[in-house]
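Student: Single-letter residue listing:
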Amino acid sequence: MFLKMFLNWSRNLLTSNRGANETTTTTITETIPTAIAEALLVMEEKDVILPLCTRVDFSGQPGIIHQTPFIDKLASEADESLANQAVDSGTYQAASSATVTNYGATVFLKELAMLGSTSDMMAVVGQIIGNCIVTKRDTTLAALFTSFTQNEGGANTDITPADLFGAYNFLRKKNQPTPFNLVLYPGHIWGTVGLINMFANVADASHFSYAAGAGQGSVGEDFMRNGFSGRVFGFDLYTDSNIVVTSNNASGAAFSPRGLKYVSKRGLKFVILENGPEVGWQITGTEMFGTAMLEDNAGVEMQFNPET
Amino acid sequence: MEKTKKNGEANELALLQTRISELEIKNKELAEQNKAITGSSLEQIRIASKKNRKDASGIRYKEVIEYVPLKLYHVSGVNIGKVVGPMHPDNAEDTFMRFAGKGIKLSINPPTEAEIEKYKQTEEFKALDVKEKKRRDGRTRSRKESEVDRLTKAIGTMTGGRVVNAIKEQSQVK
Chain A
1 MFLKMFLNWS RNLLTSNRGA NETTTTTITE TIPTAIAEAL LVMEEKDVIL PLCTRVDFSG
61 QPGIIHQTPF IDKLASEADE SLANQAVDSG TYQAASSATV TNYGATVFLK ELAMLGSTSD
121 MMAVVGQIIG NCIVTKRDTT LAALFTSFTQ NEGGANTDIT PADLFGAYNF LRKKNQPTPF
181 NLVLYPGHIW GTVGLINMFA NVADASHFSY AAGAGQGSVG EDFMRNGFSG RVFGFDLYTD
241 SNIVVTSNNA SGAAFSPRGL KYVSKRGLKF VILENGPEVG WQITGTEMFG TAMLEDNAGV
301 EMQFNPET
Chain B
1 MEKTKKNGEA NELALLQTRI SELEIKNKEL AEQNKAITGS SLEQIRIASK KNRKDASGIR
61 YKEVIEYVPL KLYHVSGVNI GKVVGPMHPD NAEDTFMRFA GKGIKLSINP PTEAEIEKYK
121 QTEEFKALDV KEKKRRDGRT RSRKESEVDR LTKAIGTMTG GRVVNAIKEQ SQVK
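Each protein sequence line maps, in turn, to chains A and B. So for the first sequence, my numbering puts the first residue at 1; every next one is plus one. So for the second sequence, my numbering puts the first residue at 1; every next one is plus one.
Because the hints were derived from the structure by calculation, they are not lab data. Certain hints may be false.
Derived DSS-like pairs: lysine-lysine, alpha-carbon spacing no greater than 30 Å straight-line [what the hints assert, rightly or not]:
| # | chain 1 | residue 1 | chain 2 | residue 2 |
| --- | --- | --- | --- | --- |
| 1 | B | K131 | A | K174 |
| 2 | B | K118 | B | K71 |
| 3 | B | K105 | A | K174 |
| 4 | B | K118 | A | K174 |
Produce the complete structure using the sequences and hints provided.
Tutor: Take a look at the structure:
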């Protein structure tokens, strides 16, 4: 009998496709709770343009419209024309006005969501609101690029070295203070018809003429080594994905710090209200600021094909 | 007698087989009917569940904005139809005046395709287009023209106007 049992057991062990200690996976997974990692927020472009603008602190002062008047310069000592006197009527541009408004977001966070999450949902909500405000600020400033009257590019036009030198020429002629900043959509730089093609060491239709003869140069090597170059054609180069693309057109800008104005009335503030009937919290985060083009001659729209 | 018995058995067998196939068909029909009922009931439950969801664990989110951003459109010039903005209404007003001072017309209403086509037939547009093309040609030349192109053009000029199409490597010269 024992021999028979032993033979049955060894037969099962040797012929069955299950080991002695194995069990079905179904049973195991039912007893293991699902582990959820902390959620990742979607990445956004943040605050590229703000550091490049003229910043005005409007806090603690009355009013919600900040105006910057302009005064004409004197042509020369010998010019006695009334139009060139440095008083009222000699302004070449109307005052730049920025109207301060409230920007932000409100989030309703249910207690159930908070208790059911492995992340600290309050912190996540704060991050969502902060991201929203920062992106909104960058988007608002980027949208002002199209309000410069000088445009070096055009519809469905590929960027060329002469366009960049044209922008540099314009800013120099208007005696604008440096640094000159160039903010472009990523496709303007790394696209198939972008800036990087100007530094290719090939004799084809997409390079700056001197590169073919002399090699890609140190700027080209920067692109090859780091994927980016901080300075090109006299400009500090920045890339901003918040620039809007519409049917093969995207408008970046080359500008001096006098090109755009950012007026801050009140910094970031959070208000949290507990909502009993809805069993949760209403969290509102806002900033008060205004943006405007400051000086028209301090900026050049760079409207080009952003082909990727 | 044995023959009759065998015939009887064969008949019974045939009857049984017929009955079995009938039952199989009916079984299949019942199973499909059940599936349809189950499927439609399950679908109805799912639809009702979505409709009646209270979103108990959801997070509602709304942006705070106190103005409607305005877009302006070029209604003349080579950039007709181009968007300016969107921006704050006060900025839109200032932009309108600034562009007007430079002779560029903007409008809050986008020009229609018909209006754009009509404008492109005007003398004003044709003159501006010629000027813009000349400007772009000059700019694009800096991008397209290589040392080789300039060399071939120079050779062509020196040899009486024919542009050399290609410059051969030493190994290619026979």
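Student: Against each hint, give a clear statement of whether it holds in the structure.
Tutor: Tested hints:
Straight-line distance between C-alpha atoms of K131 (chain B) and K174 (chain A) comes to about 23 Å, which keeps the hinted pair within the 30 Å bound. A distance of roughly 23 Å separates the Cα atoms of K118 (chain B) and K71 (chain B); the hinted pair therefore holds under the 30 Å criterion. Restraint check for K105 (chain B) and K174 (chain A): satisfied, since their Cα atoms lie roughly 24 Å apart, inside the 30 Å limit. A C-alpha spacing of about 37 Å is found between K118 (chain B) and K174 (chain A), which places the hinted pair above 30 Å, so the restraint is violated.
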